[in-house]
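Enquirer: The listed protein sequences derive, respectively, from chains G and D.
Be aware that the first sequence starts at 7, since it is given in the numbering used here, and climbs by one per residue.
Be aware that the second sequence starts at 7, since it is given in the numbering used here, and climbs by one per residue.
It is possible that some hints are incorrect.
[To be verified] Distance condition first, Cα-Cα at most 25 Å in a straight line; then the derived DSS-like pairs of lysine-lysine:
| no. | chain 1 | residue 1 | chain 2 | residue 2 |
| --- | --- | --- | --- | --- |
| 1 | G | K63 | G | K9 |
| 2 | D | K32 | D | K55 |
| 3 | G | K80 | D | K9 |
| 4 | D | K32 | G | K55 |
| 5 | D | K80 | G | K80 |
| 6 | D | K63 | G | K9 |
| 7 | G | K63 | D | K80 |
| 8 | G | K9 | G | K32 |
| 9 | D | K63 | G | K63 |
| 10 | G | K63 | D | K9 |
| 11 | D | K55 | G | K55 |
| 12 | G | K55 | D | K9 |
| 13 | G | K32 | D | K32 |
| 14 | D | K55 | G | K32 |
| 15 | D | K55 | G | K9 |
| 16 | G | K80 | D | K63 |
| 17 | D | K80 | G | K9 |
| 18 | G | K80 | G | K32 |
[Said to hold, decoys possible] Derived coverage of chain G by chain D (criterion: at least 3 residues anywhere in the stretch with Cβ under 8 Å from a Cβ of chain D; other residues may be distant):
| no. | region |
| --- | --- |
| 19 | 18 to 32 |
| 20 | 56 to 63 |
[Stated by the list, open to error] Quick list of the computed label-pair ranges, beta carbon to beta carbon:
| no. | chain 1 | residue 1 | chain 2 | residue 2 | range |
| --- | --- | --- | --- | --- | --- |
| 21 | D | I15 | G | E17 | 31 to 41 Å |
| 22 | G | E71 | D | E46 | 48 to 58 Å |
| 23 | G | R73 | D | D99 | 34 to 44 Å |
| 24 | D | P20 | G | G42 | 22 to 32 Å |
| 25 | G | H78 | D | H90 | 36 to 46 Å |
For the record, the hints were derived by calculation from the structure and aren't laboratory data.
Beta carbons: idealized from backbone N, C-alpha and C, even for Gly.
Number of protein chains: 2
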Amino acid sequence: MSKNIFSHIPENIPEEIFETIISSEKIRIERIISQGQCSEEGFWYDQPKNEWVILLKGAATIRFENREEPIHLKPGDHIHIPAHCRHRVEWTDPDCTTIWIAVFF
Amino acid sequence: MSKNIFSHIPENIPEEIFETIISSEKIRIERIISQGQCSEEGFWYDQPKNEWVILLKGAATIRFENREEPIHLKPGDHIHIPAHCRHRVEWTDPDCTTIWIAVFF
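Kindly generate the complete structure, drawing on both the sequences and the hints.
Expert: Given below as structure tokens:
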């Protein structure tokens with residue numbers, strides 16, 4: 007009945023994996039698995055929905071267009087990304103899997 | 007700008023701590039910190055909202071009224087509790103803090 011967020015991780019992650027955990031009219035909860043992927047040069051996410059994201063394993067760096075310093079995320083770090091707040095993933099750790107939970111609302 | 011879910015944990019948890027991380031019309035995201043607390047004898051949560059909950063640290067046991075076996079949760083375990091699905095927390099580890107994220111929607 008319960009599932010584990012750290013289970014069923016493929017050995018190789020050639021592309022980021024997005025898995026829907028909960029999907030309803032009002033929210034979507036995703037597990038995201040990365041290993042070394044980042045946003046393409048010049049790409050910015052510009053999302054119609056609010057996002058709350060927590061990194062549970064691994065490491066990543068996010069950059070916001072309106073903020074000079076990038077933000078380094080380690081396990082347990084969470085951040086609220088308001089709708090249309092332009093941001094990009096600058097880096098994810100290539101040496102281990104990075105596991106995120108994202109809540110879109 | 008980011009916060010850490012494992013930070014700012016009091017040394018003593020005489021009562022469960024409920025902290026709102028995100029609150030909007032559509033959802034509420036909470037951090038819950040337990041240490042040894044459980045639902046009172048005979049008490050069942052019967053919530054008007056759906057809840058998705060993940061245990062990130064510690065250990066707990068949840069029981070559902072409509073299910074004989076209790077569910078033991080370890081770090082990373084997550085579970086969807088539909089609205090009005092009666093359940094109770096039978097046990098949380100008294101020897102360490104248990105940290106949960108709950109999303110109500």
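Enquirer: Compare the structure with each hint and give your call.
Expert: Quick rundown of the hints versus the structure:
A threshold of 25 Å between alpha carbons decides the hint, and for K63(G) with K9(G) the separation of about 17 Å falls inside it, so the pair holds. For the hint linking K32(D) to K55(D), the alpha-carbon distance of about 10 Å falls within 25 Å, and the restraint holds. Of the supplied pair hints, the one linking K80(G) and K9(D) holds, its CA atoms being roughly 10 Å apart against a limit of 25 Å. Simply put, K32(D) and K55(G) have alpha-carbon atoms about 12 Å apart, close enough for the 25 Å limit, and the pair holds.
Of the supplied pair hints, the one linking K80(D) and K80(G) holds, its CA atoms being roughly 21 Å apart against a limit of 25 Å. Taken as a hint, the K63(D) and K9(G) pair is honoured in the structure, with Cα atoms around 15 Å apart against an allowance of 25 Å. For the hint linking K63(G) to K80(D), the alpha-carbon distance of about 16 Å falls within 25 Å, and the restraint holds. Of the pairs offered as hints, the one joining K9(G) and K32(G) holds, with about 22 Å between alpha carbons and a cut-off of 25 Å not exceeded.
Restraint check for K63(D) and K63(G): satisfied, since their Cα atoms lie roughly 13 Å apart, inside the 25 Å limit. For the proposed pair K63(G) and K9(D), the alpha carbon gap of about 15 Å is at most 25 Å, so the pair holds. Of the pairs offered as hints, the one joining K55(D) and K55(G) holds, with about 21 Å between alpha carbons and a cut-off of 25 Å not exceeded. The straight-line distance between the Cα atoms of K55(G) and K9(D) is roughly 21 Å, inside the 25 Å bound, and the hint therefore holds.
Distance restraint check for K32(G) and K32(D): the Cα-Cα separation of roughly 6 Å lies within the 25 Å cut-off, and the hinted pair is therefore satisfied. The suggested pairing of K55(D) with K32(G) holds, with an alpha-carbon distance near 12 Å, which does not exceed 25 Å. Distance check on the hinted pair: K55(D) and K9(G) sit about 21 Å apart at the alpha-carbon level, within 25 Å; holds. Only pairs whose Cα atoms come within 25 Å are accepted, and K80(G) paired with K63(D) is accepted, the gap being roughly 16 Å.
Between K80(D) and K9(G), the direct Cα distance comes to roughly 10 Å. Compliance with the 25 Å bound is thereby established for this hinted pair. With a C-alpha separation of about 28 Å, the suggested pairing of K80(G) with K32(G) is violated against the 25 Å cut-off. Remark: the region 18 to 32 of chain G is confirmed as covered by chain D, as 4 of its residues place a Cβ nearer than 8 Å to a Cβ of that chain, reaching the required three. Counting residues of the region 56 to 63 of chain G whose CB lies closer than 8 Å to any CB of chain D gives 4, which reaches the minimum of 3, so the coverage claim holds.
A hinted range of 31 to 41 Å for the beta carbons of I15(D) and E17(G) is consistent with their spacing of about 34 Å. Look at E71(G) against E46(D): about 50 Å separates their beta carbons, and that is inside 48 to 58 Å. Under the hint 34 to 44 Å, the C-beta atoms of R73(G) and D99(D), about 39 Å apart, fit the expected range. Range check, P20(D) to G42(G): Cβ separation about 45 Å, and the 22 to 32 Å hint is violated.
A beta carbon spacing of about 42 Å between H78(G) and H90(D) agrees with the range 36 to 46 Å that was offered as a hint.
The structure fails hints 18, 24 (numbered hints given earlier, in ascending order).
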